[in-house]
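Participant: Counted the way numbering that gives the first Met the number 0 counts, the sequence shown spans residues 0 to 304.
Hints listed in this document are in silico derivations from the structure and should not be mistaken for laboratory results. Predicted, not measured: the structure shown is a model, and the values here were computed from it. Ideal placement from N, C-alpha and C gives every residue a C-beta, glycine not left out. Each hint should be verified, as a subset may be incorrect.
[Claimed, not checked] Label pairs and their in silico Cβ distance ranges:
1. 200 with 109: 54 to 64 Å
2. 125 with 190: 22 to 32 Å
3. 76 with 200: 20 to 30 Å
4. 281 with 2: 29 to 39 Å
5. 239 with 85: 52 to 62 Å
6. 228 with 276: 35 to 45 Å
7. 293 with 125: 14 to 24 Å
8. 238 with 217: 26 to 36 Å
9. 5 with 293: 52 to 62 Å
10. 255 with 111: 19 to 29 Å
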Amino acid sequence: MTIDLFSLRCFVAVAETQHFGNAARALFVSQAQLSKRIRDLESELGAVLLERTTRSVGLTEVGAEVLVEARQVLSHISAMEEKARRAVRGEIGTLALGVVGSVTFTLLPRIMRVLRQELPGVDVSIRAELLTPEQERMLHGHEIDMGILRLPVRSSGLTWRVIDRDPLMAAVPRDHRLARLDEPVDATEFRDEPMVIYPRTSGSVVGEAVVRQCARAGFEPNVAVEVTDTSTMLGLVSAGIGIALVPSSASRLAVEDVVMRQIRHPEMVEIAVAWRENDTSPLLRSCLSALRESGTFLEPGPPPA
């Protein structure tokens with residue numbers, strides 16, 4: 000059995016108007032074409048759907064049942080067509096988003112507000128606590144569509160826009176001598192301090208910035224312990240294991256007995272939104288456009304293609 004949608008539309012139009020002429024005009028077809036469509040439908044179903052007289056058109060018992068189903072079919076088709084149009088416009092779908100460390104407390108909420116407001120039909124699947132190298136790998140592997148990461152990006156085929164510049168700060172125990180200072184701390188003050196740092200072999204961008212900060216002050220970090228995530232790092236600072244140099248965004252964690260102090264001439268870590276350079280997904284493009292229009296991207300730099 001093959002029933003075409005236009006025949007269903009013809010049947011529904013006649014059933015609702017109870018008039019062949021009015022239904023034909025509404026569908027922009029001749030009355031003869033309309034009548035043939037309905038006869039073909041009745042033949043396909045093996046049942047009479049309409050009771051025809053010289054003065055009126057009515058539904059048979061079978062026709063009344065078919066009308067209910069026909070309306071549902073046409074409604075589903077209409078919804079499917081609209082969903083397809085919205086998908087083509089990038090208004091619906093699921094965006095897989097990778098997120099690095101402590102930006103979950105600062106930049107992520109801002110980005111989520113923009114996407115929720117501008118693209119309410121888009122779902123965001125978040126993969127959190129991912130270092131930049133992990134996000135690069137996942138972008139190339141199509142495991143995520145977009146990443147919030149720390150620059151630099153070292154692999155080819157990816158592009159990005161800077162969304163924030165995050166200075167390093169010193170996290171020290173509340174009873175530490177540096178906690179009593181009001182002015183920014185000179186990095187030379189860290190020379191003999193045991194430090195909790197990010198693993199130097201992990202590819203951590205912040206870890207590299209910490210090493211640069213110390214190198215500019217003329218020393219290498221005195222490593223007490225290496226940990227991979229900022230919250231654990233601050234917990235160890237609270238326990239008095241050592242001090243730590245962390246992004247300023249980590250101050251949102253507000254760990255008990257940890258004091259954050261500004262550093263004089265701090266190393267800056269750039270945070271960016273990154274995506275595959277050749278990705279033409281309407282959904283991705285819509286998300287990038289929403290972020291650009293909201294002022295999330297910092298200038299200078301070209302807009303997303």
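Participant: Next step is simple, just say for each hint if it's right about the structure.
Facilitator: Here is what the structure says about each hint:
no. : hint                     : in the structure
1   : 200 with 109: 54 to 64 Å : violated (32 Å)
2   : 125 with 190: 22 to 32 Å : violated (39 Å)
3   : 76 with 200: 20 to 30 Å  : violated (57 Å)
4   : 281 with 2: 29 to 39 Å   : holds (32 Å)
5   : 239 with 85: 52 to 62 Å  : holds (55 Å)
6   : 228 with 276: 35 to 45 Å : violated (30 Å)
7   : 293 with 125: 14 to 24 Å : holds (19 Å)
8   : 238 with 217: 26 to 36 Å : holds (28 Å)
9   : 5 with 293: 52 to 62 Å   : violated (44 Å)
10  : 255 with 111: 19 to 29 Å : holds (28 Å)
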